Each structure stands twice: as structure tokens, then as C-alpha cells.
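Using the sequences and the accompanying hints, generate a full structural model.
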Amino acid sequence: GNSVTQMEGPVTLSEEAFLTINCTYTATGYPSLFWYVQYPGEGLQLLLKATKADDKGSNKGFEATYRKETTSFHLEKGSVQVSDSAVYFCALNDGGGADGLTFGKGTHLIIQP
Amino acid sequence: EPEVTQTPSHQVTQMGQEVILRCVPISNHLYFYWYRQILGQKVEFLVSFYNNEISEKSEIFDDQFSVERPDGSNFTLKIRSTKLEDSAMYFCASSPRRVQETQYFGPGTRLLVL
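Those protein sequence lines, which keep their order, are chains U and L.
In this text, residue positions in the first sequence follow the working numbering: the first is 42, and each later residue adds one.
In this text, residue positions in the second sequence follow the working numbering: the first is 53, and each later residue adds one.
Simulated from the structure, these hints should not be mistaken for laboratory data.
There may be inaccurate statements among the hints.
Stated by the list, open to error - Here are the in silico distance ranges between beta carbons for each label pair:
#, chain 1, residue 1, chain 2, residue 2, range
1, U, Thr61, L, Asp114, 17 to 25 angstroms
2, L, Glu70, U, Val52, 35 to 43 angstroms
3, L, Ile112, U, Gly82, 23 to 31 angstroms
4, L, Asp114, U, Glu110, 35 to 43 angstroms
5, U, Asp96, L, Gln93, 24 to 32 angstroms
Remember, it's a predicted structure, so these values are computed and weren't measured experimentally.
All residues carry an ideal CB built from backbone N, CA and C; glycine is no exception.
Printed below as a string of C-alpha cells:
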């Protein structure tokens, strides 16, 4: 079956630090990959996505590249801000007919001023 | 920007009671979904709904759960006889189409069963 594995949190960084949140996946088909973000007290918001191998998704300074050879979709940002503090979820849709997204456990990111 | 809305934001109920969670998907979307997140665990898919019927359901979605689109805008999840283990955050989502489409999520309803 499908699965998504994310690095455990919480991840605590200082403002302007470089961020990487690791995500690897197992899927039976040709998945689309997503990063969702959940700010405190809010729902899940799409941050970025990639639908095929070597695609790079980007938004708000965040980037992630779909790496089929390593089955990974790591999230990166060059310089984080306090406002980036949130929970980040990696997810996939396997594209093989399944409707539901498969999520990772989420990584809680804390940015300190 | 259009968004998915959910009501109530919080619900407390006694074990064995019925609850109905409500969602208003984005108006031109065709697929609707329910997910749940038990505290500290993954977000899990429950069910998808298209053209007024269930499209797919997970093994979590047993006979105590049902979904309905009672009118042109609302999408509901009913839990017939709540159990303690139903305590979770329930998210509604919608998408324009299904295959590999972005799903847009609501803010969630936090359900606590006592």
C-alpha cells in the first residue's frame, strides 16, 4: 500500500536559518506529491505540489523536487521566518484510481526570533 | 478566494449519541471528502463522494458513518452512535475533479466524545 514518512518533530530553528523537512514515500502507481501546511488554529492549506518526476513545486519561498529515483519530496526554504511556524504535512495521491490522499504524520516547525 | 467551511468548530457529545458534522465545499467543485486526525496521529482518509454517491471509502468508514449532500451546498458526515475513539479532528475537503487534483481543506471540526 501507499505510505509517507516524514522526519519527526518538533524542528526548532532560528529566524533566517535554512530549512529542510525530509519526506519519502511508497506508492503503487505514479503519484502526485503535495506539501500542506497547518497554521495554529487553522485547516490544512496547500503549500505546493508536483505531479511528475523531476517537477519542482514552489510557493512562498518553499521548494520541493519530486525525486523518483530516491522516492523523496523534501521541503526546503532558504531563510525561514517566525511566521513559518506551523505543522507541515507531506502527502500523496497515487494516481492509480484512489481518491484519498495518504498523509505523513506531520512535522511541527518552530522558528525562534 | 473561495474556501471550504465547516461547522461547528468544536463539538462535545456523550458516547452513544449521534453527531452530524457539516461542510460547505467550494461551489464549483465536484468531489468531496472527509478525513480525520486523531490527536498525535496521521490525517486519515475516510470517504469520497461524487455525483451524489460514495466514490470510495476506507476501512475506517464502517456502518456507523454516513455521508449526505442534502442540498446543493452542504455536505455532511453523520456518526450514528459515537464511541470514545471517534474523538478526533474531522476535515472536509473538495476538489474540482478527482485524479491527482489538489484537494482544498476546511478548518476542521474538533469532536470530543465523553
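Okay, which hints does this one fail, numbers in order? 1
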